Amino acid sequence: MKESLLEILCCPLDKHDLELEDAEYATDDDGDETDEIVAGVLVCSECGERYPIEDGIPNLLPPDMREETPA
Amino acid sequence: MGILENKARARLFYKYLSKVYDQVNPFIWNEEMRADALELLDLEADATVLDVGCGTGFATEGLLEHVDEVYALDQSEHQLEQAYAKLGKRAPPVHFHRGDAERLPFATDTFDVVWSSGSIEYWPNPILALREFRRVLKPGGQVLVVGPNYPDSFVAQKLADSIMLFYDEYEADRMFKRAGFEDVKHLFQGPSYDPDVAITTIGRAPE
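Top to bottom, those sequences are chains A and B. Residue numbers for the first sequence follow this note's numbering, beginning at 12 and rising by one. Residue numbers for the second sequence follow this note's numbering, beginning at -15 and rising by one.
Hints should not be assumed to be uniformly reliable.
[Unchecked claim] Simulated restraints, written as ranges between beta carbons of each label pair:
| hint | chain 1 | residue 1 | chain 2 | residue 2 | range |
| --- | --- | --- | --- | --- | --- |
| 1 | B | 153 | A | 40 | 38 to 48 Å |
| 2 | B | 115 | A | 61 | 23 to 33 Å |
| 3 | B | 154 | A | 45 | 42 to 52 Å |
| 4 | A | 14 | B | 29 | 15 to 25 Å |
| 5 | B | 30 | A | 36 | 22 to 32 Å |
| 6 | A | 38 | B | 14 | 35 to 45 Å |
| 7 | B | 61 | A | 27 | 20 to 30 Å |
| 8 | B | 154 | A | 40 | 55 to 65 Å |
| 9 | B | 30 | A | 45 | 20 to 30 Å |
| 10 | B | 28 | A | 61 | 31 to 41 Å |
| 11 | B | 169 | A | 33 | 41 to 51 Å |
| 12 | B | 152 | A | 35 | 47 to 57 Å |
Keep in mind the hints are simulated off the structure, nothing from the lab. Please read all numbers here as calculations on a predicted model, not as lab measurements. Where a beta carbon is used, it is the ideal one built from N, C-alpha and C, also for glycine.
Next up, chain A with everything else stripped away, as it sits in the complex (with noise of 0.2 Å):
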């Protein structure tokens, strides 16, 4: 996902703002940083629900909707 796609997310449940921790960040041909996300967690800053990042794509299913067991 682009950094700058947190503008617009929200926690699904309480729809406050989401913070990102753990980032990984992908990198361009010379190595540098690129603004694309890769992994990390999204934490809700009212709920402290967390979002995980899969491979760039933002797991936003609210807890009861995710098949895996949280780790």
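Since chain A is already given, all that's left is putting chain B on it; use the hints.
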């Protein structure tokens, strides 16, 4: 309401249905119907567009004939994998997300257009989802939803009622108005052998 009222059951049913979805889907929703539906929208190239329940990306592809970028969301990783294969996993042109139509992960007043085709029949509470669409739309923004029209025959009606949501234009009108949309209009679409199998509804978020 049929058995899909319960959300866990809906997901189970959806998992089962996704196995046959690609064989079934072309008969009820094809490129010609998609083009006709797209004509109902005011799409500028730089419009901010959300495709809810993008699935394998069929409508996303159509939207990209009109706009530069699309924000797409689906709950199913399996269906999204097919969309990635067609459209690439990285934006541009598509910003993909996993998420729930009834609890959208987007800020209020974000989109010019919210589109959803072939998804509403799986939502346990369509009015909740439609209210979320209105919330994320900018004032005056357009919504377009394609769903299955309620069948005419008695046997088909019984089958429809027992498995999932089908609705006619009166029901669609009620749902969209309860969700707060204005200028609600309906279009029936389908292939020549079944010309009103799909109902497409458009509306606007209040200014």
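Within 47 to 57 Å: is that where the Cβ-Cβ distance between residue 152(B) and residue 35(A) falls? 50 Å, holds
CB of residue 38(A) to CB of residue 14(B), is that within 35 to 45 Å? 42 Å, holds
May I ask you to test the hint 41 to 51 Å on the CB atoms belonging to residue 169(B) and residue 33(A)? 47 Å Cβ-Cβ, so the 41 to 51 Å window holds.
Does the Cβ distance between residue 28(B) and residue 61(A) fall inside 31 to 41 Å? This hint holds: roughly 36 Å between Cβ atoms.
Using the beta carbons of residue 154(B) and residue 45(A), state whether their distance is inside 42 to 52 Å or not. At roughly 51 Å between Cβ atoms, residue 45(A) and residue 154(B) fall inside 42 to 52 Å, so the hint holds.
Taking the Cβ atom of residue 14(A) and the Cβ atom of residue 29(B), is their distance within the range 15 to 25 Å? 23 Å, holds
In this structure, is the beta-carbon distance linking residue 115(B) and residue 61(A) contained in 23 to 33 Å? 26 Å Cβ-Cβ, so the 23 to 33 Å window holds.
Quick check on a hinted range of 20 to 30 Å for residue 30(B) and residue 45(A), using CB atoms only. 22 Å, holds
Taking the CB of residue 61(B) and the CB of residue 27(A), does the distance hold inside 20 to 30 Å? 26 Å, holds
Hint says 22 to 32 Å; check whether the CB-CB distance for residue 30(B) and residue 36(A) agrees. Hint holds: Cβ distance 26 Å, inside 22 to 32 Å.
Outcome for the supplied range 38 to 48 Å, where the beta carbon pair is residue 153(B) and residue 40(A): Because 54 Å falls outside the window, the suggested range is violated.
Residue 154(B) versus residue 40(A) beta-carbon gap, inside 55 to 65 Å or not: The hinted range 55 to 65 Å holds for residue 154(B) and residue 40(A), with Cβ atoms some 58 Å apart.
Hint compliance for this structure: hint 1 alone is broken.
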